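A.B. asks: Each chain is listed here by its residues.
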Amino acid sequence: DAGITQSPRHKVTETGTPVTLRCHQTENHRYMYWYRQDPGHGLRLIHYSYGVKDTDKGEVSDGYSVSRSKTEDFLLTLESATSSQTSVYFCATGPRIQETQYFGPGTRLLVL
Amino acid sequence: GENVEQHPSTLSVQEGDSAVIKCTYSDSASNYFPWYKQELGKRPQLIIDIRSNVGEKKDQRIAVTLNKTAKHFSLHITETQPEDSAVYFCAASMRSEKLTFGTGTRLTIIP
Chain A
1 DAGITQSPRH KVTETGTPVT LRCHQTENHR YMYWYRQDPG HGLRLIHYSY GVKDTDKGEV
61 SDGYSVSRSK TEDFLLTLES ATSSQTSVYF CATGPRIQET QYFGPGTRLL VL
Chain B
113 GENVEQHPST LSVQEGDSAV IKCTYSDSAS NYFPWYKQEL GKRPQLIIDI RSNVGEKKDQ
173 RIAVTLNKTA KHFSLHITET QPEDSAVYFC AASMRSEKLT FGTGTRLTII P
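The listed protein sequences derive, respectively, from chains A and B. For the first sequence, this note's numbering gives the first residue as 1, with consecutive numbering after it. For the second sequence, this note's numbering gives the first residue as 113, with consecutive numbering after it.
Just chain A, same shape as in the assembly (with noise of 0.2 Å):
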């Protein structure tokens, strides 16, 4: 696996709260990206950033925002918690467009 971690890998929170997951890459890839995975619903794309303090939207990033200040480190924030935001979220790295994606871990999100 490349060198992909996310934290936390578990976590638990009420509905409202503010929630940051983190990911980290060893790889200096250049592309970095935040899904979720929802039963029937497969890999949907959150936020993705192309470069340092470079992000866009993806189809579901409503509730969602993003930052990355290093090449290293992608963070995912949920402004306010819901249960509709309850899920696996994956981060992803790449080099380059339209090549091999290299997904972390994943962390499992559950809010009450």
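Simulated from the structure, these hints should not be mistaken for laboratory data. Incorrect hints may appear among the rest.
[Unchecked claim] Straight line, CA to CA, 20 Å or less: simulated EDC-like cross-link-like pairs of lysine to aspartate or glutamate:
| no. | chain 1 | residue 1 | chain 2 | residue 2 |
| --- | --- | --- | --- | --- |
| 1 | B | K154 | B | E195 |
| 2 | B | K169 | B | E191 |
| 3 | B | K170 | B | D196 |
| 4 | B | K183 | B | E114 |
| 5 | A | K57 | B | E209 |
| 6 | B | K134 | B | E191 |
| 7 | B | K180 | B | D196 |
| 8 | B | K180 | B | E168 |
| 9 | A | K57 | A | D73 |
| 10 | B | K170 | B | D129 |
| 11 | A | K57 | B | E195 |
| 12 | B | K183 | B | E168 |
| 13 | B | K134 | B | E114 |
| 14 | B | K169 | A | D38 |
| 15 | A | K70 | B | E209 |
| 16 | B | K154 | B | E168 |
| 17 | B | K149 | A | E79 |
| 18 | B | K170 | B | E191 |
| 19 | A | K53 | A | E79 |
| 20 | B | K154 | A | D38 |
| 21 | B | K170 | A | E99 |
| 22 | B | K149 | A | D38 |
| 23 | B | K170 | B | E195 |
| 24 | B | K180 | B | E195 |
| 25 | A | K53 | B | E209 |
| 26 | A | K57 | A | D38 |
| 27 | B | K149 | B | E127 |
What you are looking at is a predicted structure, and each value in this text was computed from that prediction instead of being measured.
Based on the hints, put chain B in the right spot on chain A.
C.D. replies: For chain B alone, kept in the frame of chain A given last:
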């Protein structure tokens, strides 16, 4: 935006038989089509990909075919083995950083 449909959602095959998973995409500008495999509790991993200038690509027991006219592509696994049991995702990309994934196929190999 791009829309990718994947069928079937579940598939069971006898060990040694072949498995085929099909995906259709909506935007004719899409030109990159990867397939990812996700074993239970694990992260997705790329197993094969194809670009629009190629009609077929093989890697040992795995092959992918692309029909640009019909806007569909398929994953073929021959001589299936127990370790092929997993969820498989197709995806499509339109000359961009982003991938649009299908909803996944849970493949079960019956010993």
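A.B. asks: Out of the numbered hints, which ones does the structure contradict?
C.D. replies: 7, 11, 14, 16, 17, 24
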